[in-house]
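**Student:** So the sequence lines, in the order shown, correspond to chains H and B.
Per the working numbering, residue 1 is the first one in the first sequence, and the count goes up by one each step.
Per the working numbering, residue 1 is the first one in the second sequence, and the count goes up by one each step.
Source of the hints: derived by calculation from the structure; they are not laboratory data.
Keep in mind that a hint or two might mislead.
Distance windows between CB atoms, simulated [unchecked claim]:
| hint | chain 1 | residue 1 | chain 2 | residue 2 | range |
| --- | --- | --- | --- | --- | --- |
| 1 | B | K26 | H | G132 | 44 to 54 Å |
| 2 | B | E9 | H | K138 | 17 to 27 Å |
| 3 | B | E11 | H | P123 | 34 to 44 Å |
| 4 | H | G60 | B | E11 | 36 to 46 Å |
| 5 | B | E9 | H | G9 | 19 to 29 Å |
| 6 | H | A80 | B | K6 | 30 to 40 Å |
All C-beta atoms in this analysis are idealised placements derived from N, C-alpha and C, irrespective of residue type, glycine included.
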Amino acid sequence: MYDKIKELGADVLAVSTDTKFVHEAFVKQEPLMRNVKFLLGSDPTGKMCKAYDMYMEEAGLARRGMYLIDPEGIVVSMEASEPPVGKSTAELLRKLEAWKYVTEHEGEACPANWEPGKKTLKPGPRLVSKVGEFVNEKELLEITYKDFRLG
Amino acid sequence: MLVGKKAPEFEIEAYDPVKDDFTTVKLSDYKGKFLVLLFYPADFTFV
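Next comes chain H alone, as it looks inside the complex (with noise of 0.2 Å):
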């Protein structure tokens, strides 16, 4: 997963309200953490959570959810969740993807469900009220993550 997110030139960062001894701990304790090749980042004051707004009060815990920054330090991309359900990587890589391409292809936009090699789109006045003649039904609602498949 992280090496699938250093090949499209990002990186991962990931948070919580552990202290960075916790973090160790978990790394070296847990066998599914074996592999995790990014930092861990520790804050126990819940500063920097309550700066993105990812800060359960009551639980005095950090919020499930995920930023996507770009290169210019830009926020481009949120979600966030109660605890029980976890992520989706294959969504997240499909995510990054996506906004890489359009950071290099000015005037370009991914649409509903859009995958590399599927069609991109031009905004402007020759696609108002055509998107369909550009993109198919079928293409617009088909999303087989076959590029993001790990494991």
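With the hints as your guide, set chain B onto chain H.
**Tutor:** Just chain B now, with coordinates in the frame of chain H:
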């Protein structure tokens, strides 16, 4: 809502699993590349 805005600056301590060492990390360390900034409630919680 932060979407479309400059990401808030931060400087926090971190654990680096590759170097097996502690470090400090800040937003500007990632300038020039996309950053996937993940938040999660707590270590050892299995989701």
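**Student:** Against each hint, give a clear statement of whether it holds in the structure.
**Tutor:** Structure-based check of all given hints:
The supplied range of 44 to 54 Å is met by B/K26 and H/G132, whose beta-carbon atoms lie about 46 Å from each other. Taking 17 to 27 Å as the suggested C-beta distance range, the pair B/E9 and H/K138 does not conform, at roughly 45 Å. Here the CB-CB span from B/E11 to H/P123 is close to 38 Å, well matched to the stated 34 to 44 Å. Judged by the Cβ atoms, the range 36 to 46 Å given for H/G60 and B/E11 is violated: they are separated by roughly 21 Å.
For B/E9 and H/G9, the Cβ-Cβ distance of about 22 Å falls inside the hinted range of 19 to 29 Å, so the restraint holds. One distance hint, 30 to 40 Å for the beta-carbon pair H/A80 and B/K6, is violated here, with the actual separation near 19 Å.
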